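Peer 1: So the chains spell out like this:
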Amino acid sequence: MTSWQQDKSELSATENRWVDRARDGDRLAFEQLYRSHCDRIHALCWRMCGGDRALAEDMVQEAFVRAWNKLHLFRGDSKFGTWLHRLAVNVVLSDRRIRVKRLQREQEMGDDVERTLMGDRDVYAGLRKDLEAAIAGLPERARSVLVLYDIEGYQHNEIAEMTGMAVGSSKAQLHRARKLIREVLKDPETK
Amino acid sequence: MKESELQNAIDSLPSNIKPQRDLWPGINARLGSVEKGDHAHHKTVWWRTPAMAAAVLLALTGGIFIGRGLDTSPAFEPSQTVLEYAFLGTVAATEREYQAAFRELVPLDYSGLQLEGAEPDALRGSWEDLLQTETSLLAALREYPSNIYLNEKLLDLRSQQLQFVKQLALLEQSNWRRT
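If you read the protein sequences in the order shown, they are chains Y and A.
Residue numbering for the first sequence follows my numbering, starting at 20 and increasing by one per position.
Residue numbering for the second sequence follows my numbering, starting at 473 and increasing by one per position.
Among the hints, erroneous ones may be present.
Just a few of them, taken from the derived set where beta-carbon distance is under 7 angstroms, the chain A residues facing chain Y [as the list claims (entries may be wrong)]:
| # | residue |
| --- | --- |
| 1 | 481 |
| 2 | 495 |
| 3 | 502 |
| 4 | 608 |
| 5 | 636 |
| 6 | 640 |
If you're looking for bench data, these hints aren't it; they were derived computationally from the structure.
Please read these numbers as outputs of a predicted model, since none were measured by experiment.
We treat Cβ as the ideally placed atom computed from N, Cα and C, and that holds for glycine.
The following block holds chain A by itself, in its conformation from the complex (with noise of 0.2 angstroms):
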């Protein structure tokens, strides 16, 4: 075989080979052991603070011009703004529950629950369903990031996701009374 034959080979082999099953469940549960360095923190720290403080001030502020009576930009409603800012701040904290939730749910492992009959392939499949939605929503809201519709939804499907931890949660400790 020349040289120039097998250079033409190895520039043909794929720069992409999929692996054979999806690596980012053991990823992500080796993250959340992981503390994260300082410095994201700091850098998260400095720029949030503020910018929620302004954006308070902000909705206080266009509050009172609407209270006097004053002429305000009229696709400016302070009290929406408010109510957003808030709800943001619920959908904020019911993911911080969820992410924590998961979190446990990792180390009880329950693609091993010893679960009888359908059960284990129809908790997976359950489970599946709600990551799939979730990816979509998740997707729709990066290009959307503050529409409520959107949050809403979230909101929901964490409640589902939140729900259906805590059941598997106690099924990991029936299943483990049982052995």
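Isolated chain Y (complex conformation) (with noise of 0.2 angstroms):
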């Protein structure tokens, strides 16, 4: 066994110990997890929020307090980052779906509207050279699918089963997406 893989082998046993301890109740413990995986549930709910600061902290706070509360059934099938990463994409989800219900009642859907899902960022802020502002400025659905897909590692029918849409949907919004992106960063000037 190499060194590399010794450590990352006493970083993953170090890791079942704060999780079961956490399980049991003890915060110190949940609290380790929280700064081990913080960094990276943050980026991913930030740009699942197209880069809104504030409702990106919400997210991630969401999304660790569910994980307390549901960590009784994690199994350990797979690794808790995994878990909780699936976590926080769903809790991001789910508070997508409570917005665009809250806005189809006070308005009918339309492509502009779905790009002001998440507040009222100037919905061309996105439109400039750099790759972060081009993701943030996509629309909803495409942006999730770029996010989780070509970031965060997802397959395409583990995106559906999370999001909800077809597997063609997800394959689709995600050529939407790289096509925007693409006209993005070629012009920045295009809208």
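Fit chain to chain and form the complex, with the hints in mind.
Peer 2: Here it is in structure tokens:
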């Protein structure tokens, strides 16, 4: 076993101990889990929320609170980080569904509305020569699929299951997202 | 832009982004209002009671053997074990007391205290110092959970923190009266 593999194995064993202790109600152990995974979960939420910092922070907090509540359901079949990551995606998507429903009640859905579901941001703020900004400026569903597939490494069937869209739609949204990003990066003035 | 160039650019994005503020206090405050599922409690209870009983029995048996002058392992010191066990019990009790006091502190929202001059910063600084000590101590205790010296230090620290929390509660009360 290489030293790298040994380090990884020790890290995993330590994390399993934290999970066991947190499951028994040990908040200090849960804090260690938070410290280990916070940055990754925050990156996910921040991108999924289109760069909305306050909303992303809310989502991170919600994800960890929900993880604490559901920790007894975590059986260790996968790594804790994988389980937590999936849970965070569900938190963001379910929050979005609530927002969509609220918005639908207020006005009819349209493409422009879809772009502003996460708040009153400038919908064209993403049109800059910056990839993060371009991703943030994508329409909701296209952005979700791009973040989950291209950045977080989920497969289309998993994304379809999480978002409730068809596998074909997931692929189409990814195609659309990439096309929009290419246009934005090529010509920042594109609208 | 080519597809491959875009893919490379996406691949180069960081998978970790640190939040601009520490989100743990907010999470911790919310955990206080959450009761964990029965499953966790049952899981704890079924092994802890027999384990405690076994430890006490072991200590008592060891004590009896030594009292009768029988040969035992030189490294095994039952009376010390009992004392240590009692001490660790005290640490655990203080820990619970501290957690309960801290839960009460959070709704007080000490950051919003309308104190004058440099008081809020001084308070926050003192609290941060205590938290920093706590982090180091807990890290050491994770490696040596039964170390008496470290547990004594934790006991001292928790006493200080409890004192701090109580003073904050008093400050909050007087602040409330003033406003």
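Peer 1: For each hint, tell me whether it holds in the structure or not.
Peer 2: Verification of the supplied hints:
1. 481: Hint holds; residue 481(A) Cβ to chain Y Cβ min 5 angstroms, cut 7 angstroms.
2. 495: holds (5 angstroms)
3. 502: holds (5 angstroms)
4. 608: At about 13 angstroms, which exceeds the 7 angstroms cut-off, the nearest Cβ of chain Y leaves the hint on residue 608(A) violated.
5. 636: violated (18 angstroms)
6. 640: It is violated, given that the least Cβ distance between residue 640(A) and chain Y is near 20 angstroms, above 7 angstroms.
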